[in-house]
Each structure stands twice: as C-alpha cells, then as structure tokens.
Amino acid sequence: MTTQMTIPYYPGCSGKGTSKEYDLSTLGICEALGVDLVEIPDWNCCGSTPAHTVNHVLSCALSARNLALVSKMGFNEVTTPCPSCLTNLKVAEHKMHKESFRAETNALLDIPYEDDVEAKSVLQILYENVGTEAVAARVKKPLEGLRVACYYGCIMNRPPEVMDFDDPEHPMAMDHLMEALGAEVIPYPLKVECCGASYGITRRDIVSKLSGKLLEVAESLGVDAVVTACPLCQMNLDMRQSQINTDNGTNYNIPVFYFTQLMAKAFDLSYRIQGLNKLIVSPKTALARIGKVVEKPVEKVTEEAAEK
Amino acid sequence: MLLSNKKEVVSGMNTYKIASVDAAFTAEVEERSGQIMSQCYQCGNCTAGCPYTFAYDIPVNQIMRLIQLGQRDTVLKCRSLWLCATCQSCTTRCPNNIDVAGVMDHLRHMAREQGYATEKNVKIFVDTFLESVEKYGRVFEMGLMTNYVKKTGRFWTDMDLAPKVLPKGKLPFKPHPIQGRGKIAEIFKRFREGQRK
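Heads up: the protein sequence lines correspond to chains A and B, in order.
Residue numbers for the first sequence follow this note's numbering, so the first one is 1 and each next one is one higher.
Residue numbers for the second sequence follow this note's numbering, so the first one is 1001 and each next one is one higher.
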C-alpha cells in the first residue's frame, strides 16, 4: 500500500528555524508513507522574495546552485515544503530555458547548472505520488469532529504557468488530504489571498489588515483551526495573531496548523514529530473536539419540524 | 503621441501632471520585463484583486498606464513598488496575460539602480536579508532581526513577541553557516562586478 520513492529534499531556511515543526512533521509523515526525503547536501538559501526584488539573475543563481546539487545527486526532481523556496526553484528552472539568461546566471556560479530539475511542493508529492487513498489508509486516529479551513497562501499555485499544480484560484489538494484524515473541511473563500508576507517586520499595519481579514472570515465560518502550507502564512496568522488582535481590537483565538502536523496527528506519530507545542496559539481546545459528536444545527431544525 | 505637453490625466483619486513623455522608459520596461505594455487596456482587474491597494500611493493599473505614458520619475518614485509582495494575483488574473507582478519586480530593480527607495525600511529589510545569505549561505533569522533593528533604530519591532516566541526554541541564537558559504559570497561578488560594468 505504501509508496516507495526517494526524492531530494530542500527544507528552506525557515525549516531550520521558525518553521521547525513544518520540517519535522514533513519528514515524519513522509517516512510513514514510504517517501524517502534526502536532504540536499550543503544547500543554500534561495534568496526568497528579497533576491528577486533586487535582481533576477542573482535570484536564479542562488536557486540554480541548489538545482545543480540535485543533479549531482543523480536526480531530476526535488521537493520543498515552502512555497517561497518552491517559487524560486521553479522560476529559476523556467527562466533558464532561455539560453542568454542561462549563460548570464551560470556566469555567477562555480558549477554551471545544465540539466532540467523539476521542483514540486511536498503537498504536490503527497497528493499526486502518494494519493489520498494511501493517506487515508495510514490514519490511526481520524480527526473526526475537527472543522478546518484550508489556506494555501498566494504563491503555492500562482501563477499557474510556472507553478503548474492544482487550481490557481480554488486549489483543493490540501482540502482532500484533510478529508482523508477525517477532518471536516469548511469551504474557505480566501484560500489564495495574500497574508501580508514579510511586511510584518517593516509594515505591521499591512499584515494586521490582510491576515486580520483571513482570521475574520475563518472565525465567521466557525472553524476550529486554519491549516496552512506556508511558513510565512503560518507565522503571520499564528505568531502575529496577538498583534492582529491588538491592532484591530479583535479577540481571535484560532490555532493555525501546518497540514503536515495534522497528518502526523492522525497517523499517531510521536509528539516530537507533531510539534504541536511549537505553536503560539494553543491548539488544545480545537484538538479536544476530535472524536466528539458535533451537534448539527440542521438536524435540530428537522426535529423541531417533526414535532410540529 | 496622444498626449501633448502639460495635460493632466485624471484617474480615480490620483491626478498626474504629464509634463513630458519619456518613450525610452516605456521601451526599457518592455525590454527588461519582456511584456508589451500597449496590451494593457485598463480593465482594472489587477487592482481589483490586489490586496495591497489600500497601502499603495498609486494602484497597480495606474502604474501600468503611467508606464505607457512614459512617466519615469512618477513610477520609479512611487511607494507601491516597495509594497508589492509579488502575490501573483494580478499576473494570474490579467485577461491579456501580462505578467504584471513581473513588471513590478523590474520596476523595483530600476528604482534601486536609480537610487530611489521610497519605503526605506522595506529596502533595509531586503538588504539585511541578503547580507545574511551572503555571509552564511542561509538566512540567520535572529541575526536578520537584530541587524534590521540596529539599522532602522526601530528597537521596539516585535518586542512584544519575544516572550511568546523565544521559549518555543525555534530561533537559534547562533548562525549555522554552510560549508559552501564562500561559494555563495562569490555569487554576490560576481553579481556586483557585473553590475558595475
């Protein structure tokens, strides 16, 4: 039943810091599903958004070094949990199809990047290579009763010509994976809206407004938690939730998981792999709902109607 | 040219004085971005989907129009360039397949080259981030924060989060440089040499 595959792994800088729990849970669930992630030896930072806002050749050179390292490992595919890293790896590959651009980029590198290496998100690997059936089969403790909103962030699927996975306006991969875990997925209309990205540091008002809207809609839908696939989205919604509340005069208390953490939870993997203690907003109340029978208002109406 | 000198373009809340048209600017944006600016017919879809319009001084569709009109200084000095997060909403939704977010990226490059930085702290953040990459090969998050605070003097930045985040043990206090950090520094060095030429 389990998939057996080996794929080079690019954790990204935040995976070794602020999104440690994303990295740990990704490694844990992939192992459980028979996906062997091999970390690229001595990988470097992709430069994230700062690099491409300064210069595209510089940005692509930083990513191309990593792609060249993947080639050296003897692979033509690489996976990363972080959408920002993913974008940079994909854009580098995309832009370097143009000969003049490739030459300019390679001129900055020690070892030129000459091959084609395709980057895919961990979400894509889990959805396409492993599949929801295999995920469902691995579940030991279903998340029944947990109502979640799946939030993909702005660049996981956009622009579609580059990202080439799922629907750019209405992605569903994470929704289906959460359903496979037994969670109740509430349709979330803001699944690809921007959270305010890294402006939390430079222009906190922007994050408070944009992430505030994301939390407002999540709360209005009555979800127990928001599920994310991006370290920056997760950090803005979770770590900055108190700032958002201060700035907007709100009182949200919504836990924000990485989708891999909920998979680890449903697979009943170790607490270390789940990394739930790393979250800033406590997930205790939300997780306590798992296994509880949820009262459905619709049924109540039917009963009342029946009495009449 | 459709517009003679000293005419005004009135669009929404903003009024721009069109003193002269710098056609070379339009051509330069087209050359760098690979996009054909005349394909924009001002439907406004980019601005409709842009989450940052509330913070912009010039909405993105108007930036597109100002490029068509060769308004170099107005465009390169606008704050919007520094506030665009490249969320790709505009590019994804443009009915004429213009890579609008790509154009914004190239405008930022041009603004930088001309020494404009109308959102100074954003530029400082970007520079500090890349300095960290150049030095260690990876971003050292804690160092990035402390250097940003040092350079901007904004010592209160995220101070409120420290007691919540630090006990989680997610932020290493020391950088973990990669073995190939010399190679990364070389990439930056060659890049700067190329820029000077």
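Incorrect hints may appear among the rest.
With a straight-line Cα cutoff of 25 Å, these simulated DSS-like cross-link-like pairs (lysine-lysine) come out [unchecked claim]:
(1) A/Lys16 x B/Lys1135
(2) B/Lys1183 x B/Lys1164
(3) B/Lys1189 x A/Lys98
In case anyone wonders, no lab produced these hints; they're calculated from the structure.
As the structure is a prediction and not an experimental result, all values here were calculated from the model.
Results of checking the hints against the structure:
1. A/Lys16 x B/Lys1135: Since the Cα atoms of A/Lys16 and B/Lys1135 sit roughly 17 Å apart, the hinted pair holds (cutoff 25 Å).
2. B/Lys1183 x B/Lys1164: It is violated: about 36 Å lies between the C-alpha atoms, which goes past 25 Å.
3. B/Lys1189 x A/Lys98: It holds: about 24 Å lies between the C-alpha atoms, which stays within 25 Å.
Of the numbered hints stated above, the single one contradicted by the structure is hint 2.
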